[in-house]
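Residue numbering for the sequence shown follows the working numbering, starting at 26 and increasing by one per position.
Possibly wrong hints are sitting among the right ones.
[Said to hold, decoys possible] No more than 27 Å apart at the CA atoms, straight line, and that leaves these computed lysine-lysine pairs for DSSO-like:
| no. | residue 1 | residue 2 |
| --- | --- | --- |
| 1 | Lys240 | Lys201 |
| 2 | Lys194 | Lys243 |
| 3 | Lys234 | Lys201 |
Simulated from the structure, these hints should not be mistaken for laboratory data.
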Amino acid sequence: MPTERLTFTGHDGSDLAARLDLPEGPHLATALFAHCFTCSKDNHAARRISARLAGAGIAVLRFDFTGLGHSGGEFENTTFTTNTDDLVLAAQALEARGMAPALLIGHSLGGAAVLATARQIDSVRAVATIGAPFDPGHVLHNFSGALTEIDESGVAEVNLGGRPIRIGKDFVENVKAETLQTEIAQLHRALLVLHAPRDAVVGIENAGKIFSAAKHPKSFVTLDEADHLITRAEDAEYAAQVIVAWAARYLDIKAPAPPPGAPEGIVRVTEADPAGFLQDVNAGPRHHTLADEPAAYGGTDRGMSPYGFLSAGLGACTSMTIRMYARRKGWPLAQVRVEVSHDKVHAQDAKTGQDARADTFRRTVFLDGELSDDQRARLLEIADKCPVHRTLEASARIETTLAD
């Protein structure tokens, strides 16, 4: 996934840092992502969701609001209104590149910001919120202990997301006064509400209020066991898949959930989650699957391991070769099943650098049908003729048994 770093001018003239995640294949649409209040453009949820959308042909701009992350300016001088101003300016920066956003995605307070902003951006046709509060003032509970100091001194330093941030009185008063009821009711865009029932930061009742206030078309999808920050990779993956599938209807795109395919004859493997091992695997323009590592080895177990694919190749080739031979002979072979096991784990192998010649594939062939003993024995011999078997023989030992 190509990622371009860029800056644009924020509401107060400061340079705001942004990343534009671009599809490797066709560019089908553009989304603008607003991060959560205690986060940045580079938090896990923003990176993972953006990567999956880019994989489906949707470019995503994610940026740090004024005074946060790598952006310039002083956060203590910002308000909820200036955050929405930054969002509008981000949309204008995209439009200047010929990439006006059709989709807004907002996480937590960023979700409230996209709801408040959507009607100001003509190109937007769909809005998705993740763990968003119905009342932006909900964010004040993050630093309730400092509200008295902020009221008396005009500013106070609070710890948010593990880092100190100075909060100004204008922010507190502005976010208290903000209401989204009218903006949601008059959104006139498709709305997707994503929320976790066990969200301990922004309760699920907020999703209910947002959904009730909105007019159709609207959708609500639960994120089940996810936490507020969507820290688990599988939750971010699920949220991204739902957003892609849902947005395709409203953005008039025919984007498949997997990335656009590779050229005929090419297997393209693209990293889907830089924080883990998840890979998008495209075999030519029509076939897509996922590769991963087990959780015990740092993966998320959402696809076969590399050795799993190797075993699958051996098993599939064996079955096909046996079927072709039996078909040519006219033998009554009803079904073939091949089970393959392998005694290495890729993540271990990569760390230890063991000799590949230590590999052992154990292959069991199951043949169903009214076959004679001679026919079954001959089909077992044919198993060793499969092209993948021959390819592996140079560096691996293959043991094959015939099931009873």
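Notebook entry, point to check: Against which earlier hints does the structure fall short, listed by number upward?
Noted result: Number 2 - this is the single hint that the structure violates.
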